[in-house]
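Visitor: Read top to bottom, the protein sequences are chains R and X. Residues in the first sequence are numbered consecutively from 0, following numbering that gives the first Met the number 0. Residues in the second sequence are numbered consecutively from 0, following numbering that gives the first Met the number 0.
Keep in mind the hints are simulated off the structure, nothing from the lab. Please read all numbers here as calculations on a predicted model, not as lab measurements. Beta carbons: idealized from backbone N, C-alpha and C, even for Gly. Hints are not guaranteed to be accurate.
As the list claims (entries may be wrong) - A partial selection of chain R residues facing chain X, derived with a Cβ cut-off under 8 Å:
{"id": "1", "residue": "THR51"}
{"id": "2", "residue": "PRO66"}
{"id": "3", "residue": "VAL118"}
Claimed, not checked - No more than 30 Å apart at the CA atoms, straight line, and that leaves these computed lysine-lysine pairs for DSSO-like:
{"id": "4", "chain 1": "X", "residue 1": "LYS122", "chain 2": "X", "residue 2": "LYS158"}
{"id": "5", "chain 1": "X", "residue 1": "LYS165", "chain 2": "X", "residue 2": "LYS32"}
{"id": "6", "chain 1": "X", "residue 1": "LYS148", "chain 2": "X", "residue 2": "LYS165"}
{"id": "7", "chain 1": "X", "residue 1": "LYS32", "chain 2": "R", "residue 2": "LYS115"}
{"id": "8", "chain 1": "R", "residue 1": "LYS115", "chain 2": "R", "residue 2": "LYS101"}
{"id": "9", "chain 1": "X", "residue 1": "LYS158", "chain 2": "X", "residue 2": "LYS32"}
{"id": "10", "chain 1": "X", "residue 1": "LYS145", "chain 2": "X", "residue 2": "LYS165"}
{"id": "11", "chain 1": "R", "residue 1": "LYS101", "chain 2": "X", "residue 2": "LYS148"}
{"id": "12", "chain 1": "X", "residue 1": "LYS145", "chain 2": "X", "residue 2": "LYS122"}
{"id": "13", "chain 1": "R", "residue 1": "LYS115", "chain 2": "X", "residue 2": "LYS145"}
{"id": "14", "chain 1": "X", "residue 1": "LYS158", "chain 2": "R", "residue 2": "LYS101"}
{"id": "15", "chain 1": "X", "residue 1": "LYS158", "chain 2": "X", "residue 2": "LYS145"}
{"id": "16", "chain 1": "R", "residue 1": "LYS115", "chain 2": "X", "residue 2": "LYS165"}
{"id": "17", "chain 1": "X", "residue 1": "LYS158", "chain 2": "X", "residue 2": "LYS148"}
{"id": "18", "chain 1": "X", "residue 1": "LYS122", "chain 2": "X", "residue 2": "LYS38"}
{"id": "19", "chain 1": "R", "residue 1": "LYS101", "chain 2": "X", "residue 2": "LYS165"}
In case you want the letters, here they are:
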Amino acid sequence: MALRMTSALAAIALAFTLGQPSQSEAAQRVQVTGEVIDSWCYLTQIMYAQGTAHHQCAVWCAAGGVPVAIRSAEEEVYFILKIGDDGQNVANPRVLEMQTHKITVDGDLYERDGMKYLVVDRVVDDTGIVNETHQDFGIQPFGE
Amino acid sequence: MRTMILAAAAAIAMGAAGAAQAAESWGLPNEEKARFEAKAVDVLCELTGDCPDNCGDGSRQMGLLMDDGTLIMPLKNQVIFAGAAWELAPFCGQRVIADGLFSENRGHRVFALQFVRPAPDGKWRRANRFKNRWAESQGLPADSPKANKWFRHDPLVEKVLEEDGKLGLGPEADEAYLGQE
Numbered sequence: 000m001a002l003r004m005t006s007a008l009a010a011i012a013l014a015f016t017l018g019q020p021s022q023s024e025a026a027q028r029v030q031v032t033g034e035v036i037d038s039w040c041y042l043t044q045i046m047y048a049q050g051t052a053h054h055q056c057a058v059w060c061a062a063g064g065v066p067v068a069i070r071s072a073e074e075e076v077y078f079i080l081k082i083g084d085d086g087q088n089v090a091n092p093r094v095l096e097m098q099t100h101k102i103t104v105d106g107d108l109y110e111r112d113g114m115k116y117l118v119v120d121r122v123v124d125d126t127g128i129v130n131e132t133h134q135d136f137g138i139q140p141f142g143e
Numbered sequence: 000m001r002t003m004i005l006a007a008a009a010a011i012a013m014g015a016a017g018a019a020q021a022a023e024s025w026g027l028p029n030e031e032k033a034r035f036e037a038k039a040v041d042v043l044c045e046l047t048g049d050c051p052d053n054c055g056d057g058s059r060q061m062g063l064l065m066d067d068g069t070l071i072m073p074l075k076n077q078v079i080f081a082g083a084a085w086e087l088a089p090f091c092g093q094r095v096i097a098d099g100l101f102s103e104n105r106g107h108r109v110f111a112l113q114f115v116r117p118a119p120d121g122k123w124r125r126a127n128r129f130k131n132r133w134a135e136s137q138g139l140p141a142d143s144p145k146a147n148k149w150f151r152h153d154p155l156v157e158k159v160l161e162e163d164g165k166l167g168l169g170p171e172a173d174e175a176y177l178g179q180e
């Protein structure tokens with residue numbers, strides 16, 4: 000009898016486990032301020048990838064599904080995985096429109112294998128584009 | 000001479016076939032070619048438990064979950080200015096062999112997916128599904144000039160840049176800056 004109950008409990012536990020994601024992480028509440036960036040160009044430095052000089056390319060990359068991130072003043076990079084109730088994090092029109100803006104967000108931070116992922120509850124502040132770099136770096140990458 | 004030409008042609012053909020299965024150098028910082036087996040997962044689902052069907056059908060960033068629990072979110076595919084979500088979405092929940100490049104820079108180790116195949120021995124495919132998908136959405140052939148420069152013709156990009164300008168400061172700022180060049 001005890002063995003049968005244990006087996007039944009194990010089966011129920013297994014069924015619940017199979018219905019869940021393989022591994023959920025503990026989150027930390029944070030407020031992050033920084034520039035919305037194209038993660039690939041910034042992290043690989045294949046070109047200058049900050050501010051107005053790189054705005055057009057950042058819009059292209061966001062539309063192409065390259066992960067969008069926030070670069071803080073401390074040069075930490077936070078990948079944006081969600082904004083509010085919107086779980087679309089590939090070519091999200093709202094995120095495209097925030098490219099290069101300086102924003103402050105509240106949300107949950109998940110750290111995994113050296114990457115910082117943000118689930119944003121709300122955008123607290125959006126001061127638009129303040130990092131004017133085109134006079135020094137031109138328009139990246141094609142100059143037009 | 001004819002034998003030499005044929006041999007050269009065969010070598011090129013074999014080289015091309017080999018290239019379809021091996022990472023190609025892009026000259027990235029601290030670049031490292033890599034091939035590994037992993038499960039294709041929705042990154043947001045993996046971290047938070049927010050899991051739509053089929054990994055969101057291309058609307059979610061995809062990750063490669065290795066057997067030791069390491070999660071890698073590829074940032075790039077083989078198409079200019081495009082990411083890897085659409086390359087991995089068809090493999091949601093499945094094991095794949097990923098082939099590409101790691102680059103370590105600015106305190107991050109990032110991955111570019113160049114080729115992918117179903118594990119253990121499926122057919123290799125270049126990570127360029129994005130272009131086909133984009134062309135199809137626009138009613139164009141995948142090899143059309145517009146598809147090759149998709150970023151110049153994407154409706155969402157056009158809308159944002161028309162409103163905000165290339166610099167993001169508005170069309171007048173573009174005009175002033177580009178006019179002075």
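Visitor: Please go over all the hints and tell whether each is borne out by the structure.
Guide: Hints, verified against the model:
About 4 Å separates the beta-carbon of THR51 (chain R) from the nearest beta-carbon of chain X, less than 8 Å, and the hint is met. Here the hint on PRO66 (chain R) is kept, as its CB sits about 5 Å from the closest CB of chain X, short of 8 Å. With a least beta-carbon distance of about 6 Å to chain X, the hint placing VAL118 (chain R) at the interface is held under the 8 Å criterion. At roughly 38 Å between alpha-carbon atoms, LYS122 (chain X) and LYS158 (chain X) are farther apart than 30 Å, so this suggested pair is violated.
Taking the CA atoms of LYS165 (chain X) and LYS32 (chain X), the gap is about 34 Å. The hint is violated against a cut of 30 Å. For the given pair, LYS148 (chain X) sits about 16 Å from LYS165 (chain X) by alpha-carbon distance, which is consistent with the 30 Å threshold. Using a Cα cut-off of 30 Å, the hinted pair LYS32 (chain X) and LYS115 (chain R) holds, with the two alpha carbons roughly 24 Å apart. Taking the CA atoms of LYS115 (chain R) and LYS101 (chain R), the gap is about 18 Å. The hint holds against a cut of 30 Å.
Restraint check for LYS158 (chain X) and LYS32 (chain X): not satisfied, since their Cα atoms lie roughly 38 Å apart, outside the 30 Å limit. Annotation: proposed proximity of LYS145 (chain X) to LYS165 (chain X) holds, straight-line Cα distance about 19 Å (limit 30 Å). About 29 Å separates the Cα atoms of LYS101 (chain R) and LYS148 (chain X), which keeps this hinted pair within 30 Å; it holds. The hinted pair formed by LYS145 (chain X) and LYS122 (chain X) meets the criterion: a straight-line CA distance of about 28 Å does not exceed 30 Å.
Of the pairs offered as hints, the one joining LYS115 (chain R) and LYS145 (chain X) is violated, with about 35 Å between alpha carbons and a cut-off of 30 Å exceeded. The straight-line distance between the Cα atoms of LYS158 (chain X) and LYS101 (chain R) is roughly 21 Å, inside the 30 Å bound, and the hint therefore holds. Only pairs whose Cα atoms come within 30 Å are accepted, and LYS158 (chain X) paired with LYS145 (chain X) is accepted, the gap being roughly 17 Å. A threshold of 30 Å between alpha carbons decides the hint, and for LYS115 (chain R) with LYS165 (chain X) the separation of about 29 Å falls inside it, so the pair holds.
About 16 Å separates the Cα atoms of LYS158 (chain X) and LYS148 (chain X), which keeps this hinted pair within 30 Å; it holds. Of the supplied pair hints, the one linking LYS122 (chain X) and LYS38 (chain X) holds, its CA atoms being roughly 17 Å apart against a limit of 30 Å. Restraint check: the Cα-Cα separation between LYS101 (chain R) and LYS165 (chain X) comes to about 17 Å, which is no more than 30 Å; the hinted pair holds.
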